[in-house]
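Asks: Now for the letters of each chain:
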Amino acid sequence: MSRRVRWLKQLAILVTAIAAAGLALTLLVRVLPAPRRGIRERAPGERPRERREFRGPQLRRGGPAVLKQVLIVGVIALVGRKVLRIRL
Amino acid sequence: MLRNRLSLWLDSSLFIAVCVLMVTDVTGIPIHEWLGIALIPALLLHLLLQWPWIATRTRRLPAPRTGRTRVNYGINLVLFLSMVATIQSGLAISRVAMRSVFSGWLGDRRWGQVHGWASSVLLLMVGLHVALNWDWILAVVRKRLRFGPGTNS
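Chains A and B supply the protein sequences, listed in that same order. Numbering of the first sequence is given in numbering that gives the first Met the number 0, commencing with residue 0 and proceeding in unit increments. Numbering of the second sequence is given in numbering that gives the first Met the number 0, commencing with residue 0 and proceeding in unit increments.
A couple of the hints might just be wrong.
Below, a list of computed lysine to aspartate or glutamate pairs in the DMTMM-like style, where the Cα atoms sit at most 25 Å apart [claimed, not checked]:
| # | chain 1 | residue 1 | chain 2 | residue 2 |
| --- | --- | --- | --- | --- |
| 1 | A | K8 | B | D10 |
| 2 | A | K67 | B | D24 |
| 3 | B | K142 | B | D10 |
Read the hints as simulated data drawn from the structure, not as lab findings.
Just chain A, same shape as in the assembly:
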């Protein structure tokens, strides 16, 4: 079997696995109960609030926040390494 055919076969298996996982998740989400919206009832005479357009979260400076994520993953890796070394 040529390399290209082998890669195509592997890619087909991968895409099938992803599609199967995606389908299973879709079915699971359909079964799950919808989250409550948390809307309070309006007082008599109170006007409904105008719906604001979604503008995304308030942006903040990038460097420290990304570094924090890297640190979080690093700490998980360090702790995981210690724990898995003990267990395995």
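Chain A is already provided as a structure; the job is to place chain B on it using the hints.
Replies: Frame of chain A, contents of chain B only:
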């Protein structure tokens, strides 16, 4: 050799991309969504490059005395599933990149919850994935920088 080098660059980029994707309030929604979509081909390539590992470990899974293999396989499987869940739910709640494509047939408030949970599991699994492959990462980086435990440079 080339495979290892490609893997190192690809995996480093994936790691940084996942960290950047976790800080939506820094990147903003459009960059977050497009970077998430760009992750799909990179992930497929990562999995294809690791295919020999996946194939051999899947075959060895039922064999006795394979505790480490099973744990590693389990972590990678959960990582794969959480990645699929995160990307799929991300596409479902997309507001910029895929708004017109997925909002009709996948759009639901539940997907927002799934996205939050799946990305938290994903972060945890990425950490454990790095932990389990730390020796390989160290070996490849040492080789690239041309110093090893035995050299003084």
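Asks: Now, for every hint given, state plainly whether the structure supports it.
Replies: Taking the hints in turn, this is what the structure says about them:
Restraint check for K8 of chain A and D10 of chain B: satisfied, since their Cα atoms lie roughly 23 Å apart, inside the 25 Å limit. Restraint check for K67 of chain A and D24 of chain B: the C-alpha separation of about 13 Å stays at or below 25 Å, so the hint holds. For the suggested pair K142 of chain B and D10 of chain B, the alpha carbons sit about 16 Å apart, so the restraint of at most 25 Å is met.
Taken one by one, the earlier hints all hold for this structure without exception.
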